[in-house]
Amino acid sequence: MSRDLLLKRGLLLKIELLSDPKALYVVRGAVERLAETVGFAAAECRSVVRAVDEALTNVMRHCYRGRPDQPIELYFRRPRRRSKGRLEKGLEVLLCHRGPAVDQAQLRGQKPGELRPGGLGLHFISEAMDAVDYERVGHTNRLRLVKYLPSEKGSSRGRRSERNADFHSARGQRHDF
Amino acid sequence: MSRDLLLKRGLLLKIELLSDPKALYVVRGAVERLAETVGFAAAECRSVVRAVDEALTNVMRHCYRGRPDQPIELYFRRPRRRSKGRLEKGLEVLLCHRGPAVDQAQLRGQKPGELRPGGLGLHFISEAMDAVDYERVGHTNRLRLVKYLPSEKGSSRGRRSERNADFHSARGQRHDF
Amino acid sequence: MRISIRRVDNATIFDISGDIDLANSPEVRKALLHEVRDNRRPRVVLNLSDVRYIDSSGVASLVESLKASRDIGSRFILVGLSGPAREVLQLSRLVKVFEIYDTEVEALTG
Amino acid sequence: MRISIRRVDNATIFDISGDIDLANSPEVRKALLHEVRDNRRPRVVLNLSDVRYIDSSGVASLVESLKASRDIGSRFILVGLSGPAREVLQLSRLVKVFEIYDTEVEALTG
Ligand SMILES: Nc1ncnc2c1ncn2[C@@H]1O[C@H](COP(=O)(O)OP(=O)(O)O)[C@@H](O)[C@H]1O
Ligand SMILES: Nc1ncnc2c1ncn2[C@@H]1O[C@H](COP(=O)(O)OP(=O)(O)O)[C@@H](O)[C@H]1O
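Protein chains in written order, with the working numbering: chain A, 899 to 1075; chain B, 899 to 1075; chain C, 0 to 109; chain D, 0 to 109.
In case anyone wonders, no lab produced these hints; they're calculated from the structure. Some clues are possibly wrong.
Derived PhoX-like pairs: lysine-lysine, alpha-carbon spacing no greater than 20 Å straight-line [claimed, not checked]:
id : chain 1 : residue 1 : chain 2 : residue 2
1  : D       : Lys95     : D       : Lys66
2  : D       : Lys29     : D       : Lys66
3  : B       : Lys1009   : C       : Lys66
4  : C       : Lys95     : B       : Lys1009
5  : C       : Lys66     : C       : Lys95
6  : A       : Lys1009   : D       : Lys29
7  : D       : Lys95     : A       : Lys1009
8  : C       : Lys29     : C       : Lys66
Could you put together the complete structure from these sequences and hints?
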């Protein structure tokens, strides 16, 4: 068993898939529940699901050019940003894949509302997430998607589901989400 | 990226999690949709979900004794059994974890219908799956769960959802499920 | 999973929705046993109509509550079983062991 | 995802249920364009009330069908948008671009 990444980085979950579009339906099922568990409200869960789905779709279409047998890895973890001394809470998704480096100059969608088929995926992703970064590490492309929970003041806790309670880190510490 | 297992064995999907019971809800979301994609009818999907969930629960409780930070891996692939020259179709789940070797003499549930709390998990697993095998490989325990699709004759195809179409193997061949 | 609790006359009604699994069955068990054993309510009714999943640890909590209520001579009643809840009780061969009603009115007056 | 097709007078109605994503939007696109372009149906109605998810490639198929129907002067109509379908069209700022009705009767007579 590869304990490496999972244990080193305190991940919540890791999913490995191939670039077959049939896997998208399965992955959405996991991501929706993970976002709910982490504490997002229903509409926010749908946003996160949409962002991950569109990002995977882009990799399958534009990087792997429709080849259905190429590897993709998804790492789900807590975001690491600290703000005013507190760990900001939410969900970070790291999407790793091979294929040619993503040319960031090519990442141009269309303005929504235009009657042109296509070009909406990047808009859905940026609308959903608080941070979207592309990075090349060795032969691997890494797309990092982060969404933070609304900060916890007053009644916002009430919106969170009962599943919000804590996941545990790799070192057995409790991490309150 | 670790291409190794995913590519070598023609997996459909791999999930890595920690032994925190909060992960069960997320994993069930993926397994339900994977079983549907592979072609199982709704009641069969629920059985597969139940079996995987109970198997994970047993690992968390009996092997890892409630420690929530231990590694578990789930591999989903096509079963490899051939029957009368045809590859039998269905879903194979390989659950890998560390911890002490599972003492198979200890694997005793209760007869269902008895008014004793506990002891139903193994019954749910064996009721759901066509094959259930425990194996120790090095320091890893492996539980293999397999469920086959009803064999395809006459109208049985009609019961399968539209998602049943083919997943692709690691080598880019098509595999009809 | 969400539990809410209502007290009506001599009965306590639990409305449980969502999935009951190892992550929350200890909470369900504690809430039920508290009402049966500590509060000694004559009738404890569990509304399972919105339960989408219940695992063996959830069933074990129900069995334990039923036994506790038999010990003190009170009643432990299931009502409005959802499809998944009924399926799991059938698999466990416990449908005939529990007192089960379709509606809350029957559970409170039956 | 499941598509079924009904022909009523001069209209074709597609009932789509489930998730529309990259795995099946090519199939949706093909079925819609066939009815608009090849069969030249005066009114093509898409019932989205049972759609649980639609991705950008699904929206692109709708846009392409709308453009094809405009090209030949026929009508392409959406009906009974589910919550998720409406949300995605809103995000795409396309709610005002499509002809959308609440009920099938309106879609067939409006
Ligand atoms: N992962 C990626 N790798 C390479 N190019 C990409 C990737 N994602 C997006 N792009 C580029 O950005 C463009 C806009 O993407 P998007 O908004 O998702 O719309 P669409 O995929 O429908 O064109 C794509 O056409 C493509 O050229
Ligand atoms: N993965 C496992 N490792 C070790 N022992 C196990 C494992 N799974 C089951 N067992 C043993 O089998 C018994 C019966 O399991 P099960 O039918 O799931 O009921 P329960 O877990 O409620 O006792 C357990 O009490 C335990 O002793």
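So, going through the hints one by one against the coordinates:
no., hint, in the structure
1, Lys95/D <-> Lys66/D, "holds, 14 Å"
2, Lys29/D <-> Lys66/D, "holds, 14 Å"
3, Lys1009/B <-> Lys66/C, "holds, 17 Å"
4, Lys95/C <-> Lys1009/B, "holds, 15 Å"
5, Lys66/C <-> Lys95/C, "holds, 14 Å"
6, Lys1009/A <-> Lys29/D, "violated, 25 Å"
7, Lys95/D <-> Lys1009/A, "holds, 15 Å"
8, Lys29/C <-> Lys66/C, "holds, 14 Å"
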